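As given, the protein sequences belong to chains A and B, one line each in that order. Residue 785 is where the first sequence starts when you use the working numbering, and the numbers rise one by one after that. Residue 42 is where the second sequence starts when you use the working numbering, and the numbers rise one by one after that.
It is worth saying that the hints were derived from the structure and are not from the lab. Computed from a prediction, not measured in an experiment: that's the story for all the values here. Some hints could be false.
[Said to hold, decoys possible] Far from chain A, some chain B residues (derived; all Cβ distances over 12 Å):
hint: 1; residue: N47
hint: 2; residue: L49
hint: 3; residue: I68
hint: 4; residue: V76
hint: 5; residue: V85
hint: 6; residue: V131
hint: 7; residue: I192
[To be verified] Here are the simulated lysine-lysine pairs, PhoX-like style, with alpha carbons at most 25 Å apart:
hint: 8; chain 1: A; residue 1: K879; chain 2: A; residue 2: K861
hint: 9; chain 1: A; residue 1: K899; chain 2: A; residue 2: K861
hint: 10; chain 1: A; residue 1: K891; chain 2: B; residue 2: K154
hint: 11; chain 1: A; residue 1: K836; chain 2: A; residue 2: K795
hint: 12; chain 1: B; residue 1: K154; chain 2: A; residue 2: K836
hint: 13; chain 1: A; residue 1: K894; chain 2: A; residue 2: K879
hint: 14; chain 1: A; residue 1: K916; chain 2: A; residue 2: K899
hint: 15; chain 1: A; residue 1: K879; chain 2: B; residue 2: K154
hint: 16; chain 1: B; residue 1: K154; chain 2: B; residue 2: K86
hint: 17; chain 1: B; residue 1: K222; chain 2: B; residue 2: K196
hint: 18; chain 1: A; residue 1: K916; chain 2: A; residue 2: K897
hint: 19; chain 1: A; residue 1: K836; chain 2: B; residue 2: K86
hint: 20; chain 1: B; residue 1: K154; chain 2: A; residue 2: K795
hint: 21; chain 1: A; residue 1: K861; chain 2: A; residue 2: K943
hint: 22; chain 1: B; residue 1: K61; chain 2: B; residue 2: K154
hint: 23; chain 1: A; residue 1: K899; chain 2: A; residue 2: K943
hint: 24; chain 1: A; residue 1: K899; chain 2: A; residue 2: K910
hint: 25; chain 1: B; residue 1: K154; chain 2: A; residue 2: K861
The beta carbon of each residue, even a glycine, is placed where N, CA and C say it ideally should be.
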Amino acid sequence: MRNIIEVEHLKKSFGDNEVLKDISVSIQEKEVVCVIGASGSGKSTFLRCLNKLEDITDGQVVINGEDITRQDTNINKVRQEVGMVFQHFNLFPHKTVLENIILAPMKARKISKAKAVETARELLTKVGLAEKADAFPGSLSGGQKQRVAIARALAMNPKIMLFDEPTSALDPEMVGDVLEVMKQLADEGMTMVVVTHEMGFAREVSDRVLYIDEGYIIEENEPNELFNNPQEERTKLFLSKVL
Amino acid sequence: MEVVINSLPYLWEGLLVTLKVFIIAIILGFIIGLVVALLRLSPVKLLNWLAKIFVDVIRGTPILVQLFFFYFGLNSLEFVSLDRETAGIVTVAINAGAYYAEIIRAGIQSLDKGQNEAARSLGLTSAQSMRYVILPQSFRRMLPTFTNQAIISLKDTSLLSVIGIADLTQKGQVQIAATFKAFEIWIAVGIMYFVVIYLLSLLSSFLERRFRLD
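Working from the sequences, and respecting the hints, build out all of it.
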């Protein structure tokens, strides 16, 4: 297995505030990595550096063989291979569900409308929302919105999927449906990086868990080891609060 | 009453000139506004700064002074020759453009930044994100403010009568000079402006309902 994500000595500051201090990690193809940590620990910022939604202050981030910290890398091309799902869904409210999904395949990948619609309908069936194709996002529940957002990202046929607290804004009864779709995706061999507070999901689905605090990866391990036998004091303290 | 009815064909001609000037100026003004707004938001400092100066200068001077500048000022230069109508249209267009620029800029900036992030994360370029995601949503929100500015611009065209453009206001003055019926003619002129503006606001409410987001 090759490393599809390679991060070396990543640093990220907002003004004087250094949020990521020194992050190095490699992620293999088909690996599912969950990132856990307290609010403000830098875990979301770390994720957003992987597709350069945040400018990278220092260090190197190589995605699918492309060094995205280089000025001459076409970031749009890299992002076509990296889907992202946001905490607040960020569906386009002026477009129907179907239009949300076909926009990027048609405009960024130049796929024909007929083909894009066909793929979109397959993906909607996969996330269990085939009947919502012509609905507007405003008429959907949170869980439905998030499943549409996942379908929208998958429509680009990405090699990597990034999830930024995908269930944090959902009503508790909606969380299961979304996690189910994500689990299915993991089973199909998608490379996934998931920032999450869902420890159950991390334990059950992920291959590896990173615990981030104050801009560093404090501890990383396979989920059973990390949850049952944490080595670092800070990890123990964090887990005692969330488990 | 008879005087007014006899004047109507002349006033109607003036109204057509007013509408023509208004429509051309508002379209040009919108294009100017869009370009200036995008420059205002551009990461290039110089463009940013030029756009800001344009907006500040236009908003900071009276439209009548701008009109005199474009018609008398520029025409006093040897190599410039602007006819009345061009000078008038340019004045109203540039004036509306400066206000539109601010309306559009505010509309774009008020949009949740998650919208742009979602579009960019899918691999769309910043221009594609602007065109397919940001502007369509911003324009819906801006519609009421757009109408407001369009109404102001329509009323501004009445100032063009002072440089001799034969618009509704100027035709009114001419008819009064011929008939001495100032009271009746100004009421007729006022009603004609009012009807056009009222239709404009009806169109705006229709568009707002048509493009409502939910």
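Which numbered conditions among the earlier hints are violated in the structure presented, ordered from lowest to highest? 22
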